[in-house]
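Student: With the sequences and hints as input, model every part of the structure.
Chains S and P supply the protein sequences, listed in that same order.
Residue numbering for the first sequence follows our numbering, beginning at 29 and increasing consecutively.
Residue numbering for the second sequence follows our numbering, beginning at 14 and increasing consecutively.
It is worth saying that the hints were derived from the structure and are not from the lab.
It is possible that part of the hints are untrue.
As the list claims (entries may be wrong) - Sample of chain P residues facing chain S (criterion: CB under 10 angstroms; computed from the structure):
| hint | residue |
| --- | --- |
| 1 | ASN565 |
| 2 | THR569 |
| 3 | VAL572 |
| 4 | THR576 |
| 5 | GLU628 |
| 6 | GLU701 |
| 7 | ALA703 |
| 8 | GLY705 |
Beta carbons are placed, not taken as given, at the ideal position from N, Cα and C, and that holds for glycine.
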Amino acid sequence: MRKLSILHLALLSTVMMFSCSDDEETQPEEDLQVVLVENLHAPADEMDRQTGEIIALNSYKYYSFEENKLIESSDGNWDLGIKGLSMIVNNGISGNGNAEATIVQGIFEQYNEIPQDLILKVDTEEGLAIPGGSGNGWYNYNMSTHVVSPQPGNILIIKTNAGNYVKMEVLSYYQDNPPLNEVDLTTPSAYYTFQYVLQPNGSRKF
Amino acid sequence: MDELPTIYVLDIKGNPILHAYVEVGNKNLIPVNAEGGVELPDSLDKEETLLIMAMGYDVKKLPVKDAIENPSIILEERIGKLAEIVVSATRTNRSVEDLPMPVTVIDQEKIQETGAVRLSEVLREQTGLQVVANHGTGLQMQGLSSDYILILLDGEPLIGRTAGTLDLDRISVSNIERIEILRGPSSSIYGSEAMAGVVNIITKSNKRGITASVQSRYRTYQTLDLIGDLGISKNGWSIYAYYNRFRTDGFDLDPEVPGLTSSAYLANTFQTKIEKSISEKWNAKVFVKHYHEDSQNYMEVLRNGTPSLADMPGRRKDLNVNPSITFKPSQHWTFSLRSMSSFFDTESATVFREDGELLEAEDFRQFYHRTELQVDHQLTDNQLVTAGAGHLIETVEATRYNDLNRFDAGYLFAQHQWNPSDRWSLVSGIRADVHSQYGAQLSPKISGQYQITEKLSWQASVGVGFKAPDFRQVLLNFNNASSGYYVFGANLVNEGIKRLQQQGQVQQILMDPNQFGDLTAETSRAFNTGFRYKLSDDVLVQGNLFRNHITNLIETTPVARLTNGQHIYSYLNVAHVITQGAEIDLNWRILKGLRLSAGYTFLDTRDLDVVDRIENGELYKRDASNRTKLVTMADYGGLLNRSRHSGHIKLNYYEPFTGVDMALRGIYRGRFGFGDVNGNLILDDDMEYARGLMSWNLTLSKSLDNGIRLELGGKNLLNELNRHDPTNAGRLLFAGLQTNILQLFK
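Tutor: So this is what it looks like as structure tokens:
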């Protein structure tokens, strides 16, 4: 059901060329790879359609960016948990790890350095690091078509348990990453497609 | 001296103009008789000039000898209905020409030529008006939607809105005498809702004698409209009774999806107007209208995982009772006391077709009462002062509301109309509303017109408009069980969150709930300026520029997140919006019996918060190949459902040999945004637009000597369709017959 693949982003070389001629400092120390994760199915709790009562609880899907795979249990070495429209980080009220996250805006390919003053958050009673709600967190919910779309330009910045930085962009909430104009109420949902870049050396540059 | 013949005053179709006068000699006015004729006094000098005049027609001057030669005198209608008397602009009678604000009058003839049976069909052919679908067939004016347009029936507000839209298909047109359309905010005399403008529907009343007629019209989709009316005037009494039965199969633009685009329904309208002139000074009137509609539609619902058909029967009723009394102690004073009570009631259900199990049932009951006193005082020859006071009670009881809810309000208004010179005309007014929900609101407005030359006049007005928060925004208590979200009115959100918190359902508060609860009225500041240019008796050009700046717009916002991943929503005054544009109208009488009119509207709308985000580089979009890009101002298309360009062209031709009237109209609605597709919730991509289209409509009609009128025509003849406009049924063909019963048996 889940397919992991690795892509070399053509754009990355453009960025490198630009960096080389301009500023030696921003050149990445190694060729970072863009990882594309497709159709990660993370369904929300099941609800009785007529009464609204929850009839079956589903577990979060726990993802590790370092290992590029799902972790079986919440006790493991995961970074980001996903269920329905919710996202949690392995820290604070959600886990025993050290992961942190926040949302920044920009163009994924061009976002090549995390500013020093950017504060990453953990999940607390007061709020989650990646807040929920249309327009608050990673998605927009269209009240007239009921379509969930990843908010364009939102990049999730995650610090993994190991202390490395990840930039991640959700591309789709629907099975097989369809174009948004083909999504309707019958399209299977809670199938995440996202891309990310992990900087394994602890630097804030991508 | 020879005996002078009788002269006849006729319109271009050869019908007598019964309200015409002939002026002979020194201010000697002679009214025409029942055949439109005037016997010229024998003493008349043949070289003398006759003046022939009638309201709504151009004055004709001719020497007596010409009248003797050709005693049938034909008057031509004044172009652009400039002489028409309008009441809605000032709550007093003023002619269009004299009013310093943009006003349009649609008379009975204009209504008939559209072949319309429901009000939406008439309004969609007017410059500056757009008919759009949103929980019914709603109106859009100056870029503002149905919520912000006050619709009056004989001067009293129509109630019964669904999600802000007053369904224009609820109103039959065959009993309408004229429709007055006033653009720009008019809260200074009407209060809430009159933000974009006012549409006043004036229904017929019986003028003289006994009248009786029946009409029928049949058209595509098995749509049948039947009408009967009866009028009696005698001994100071005037009674007019009207009945309309309308049925339609509805239509379906998308047959692959179970359910109709527009429901099948049967509607009955009964209306009675009784007037009694008690004495010279006292006049009393009662207006009663009852509407009853049964509709039928269906849809497919998932039932235990399998798609099942469910029927959706609906019922809608309303009743209006409006008594009023007028006292005119002298020429200078008029007192009118008006009262209105209106009941609006809807019931709807969703029932599984298979076994009749009820999935959902909902009802909504609204009551509105208003009593108002208005005093008009003619201060001097050129100054008219109007003052008024009123109160209103509004209650709502519905499935989605707790208990019976009630709003109370009171208001005062004053208006001063002044013509400081022959060239100037000024109207200024102010109204204060005090409301149990949103507190006080002050709405001033000033309008002026300057007659630059005899042919050209310029006008401008500045005013404030407002719309009170409605019941839904304040008191809604709605839980969508199937998807698990809640919507609370602003007054209930605190309580609702507390309750859900106690049940352990709230995961995270997104906004401080204390921010909610004090919804204030939405307000606009508006500016209109325009001109009327009468190039000749046959050509009239009118234009108007407008700008509305709306603040405190109420929107739904997520307040808290639930453990099931869904949200609690409520209403908050957040948005700032600008709508601006230009309207231009041309009326041209090319030949006798051949008229051309054309209208164009340019509309620009924008949400100022979106503009800020674009300018700050905070809004992104995904392109077709899924790349993220910054949104630029050039991408931004403004508010949804607004056409930047719209207009119409109309050709009216009266063919004198066959007596056939032809009205050909092309109504253009430019492309408009139907919704967000690329994920950023704003209109910024070509695929988010529905294409523009032109609807060609033709009506042919002929009136016979025995009072029968035949009609044949079609709407949207080229069958231009757009699945994002559910008010557009595609090509409709119709045939109709109207008879004046008494004339038939004469």
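Student: Give a verdict on every hint.
Tutor: Evaluated hints:
{"no.": "1", "hint": "ASN565", "in the structure": "violated (20 angstroms)"}
{"no.": "2", "hint": "THR569", "in the structure": "holds (7 angstroms)"}
{"no.": "3", "hint": "VAL572", "in the structure": "holds (9 angstroms)"}
{"no.": "4", "hint": "THR576", "in the structure": "holds (8 angstroms)"}
{"no.": "5", "hint": "GLU628", "in the structure": "violated (14 angstroms)"}
{"no.": "6", "hint": "GLU701", "in the structure": "holds (9 angstroms)"}
{"no.": "7", "hint": "ALA703", "in the structure": "violated (13 angstroms)"}
{"no.": "8", "hint": "GLY705", "in the structure": "violated (19 angstroms)"}
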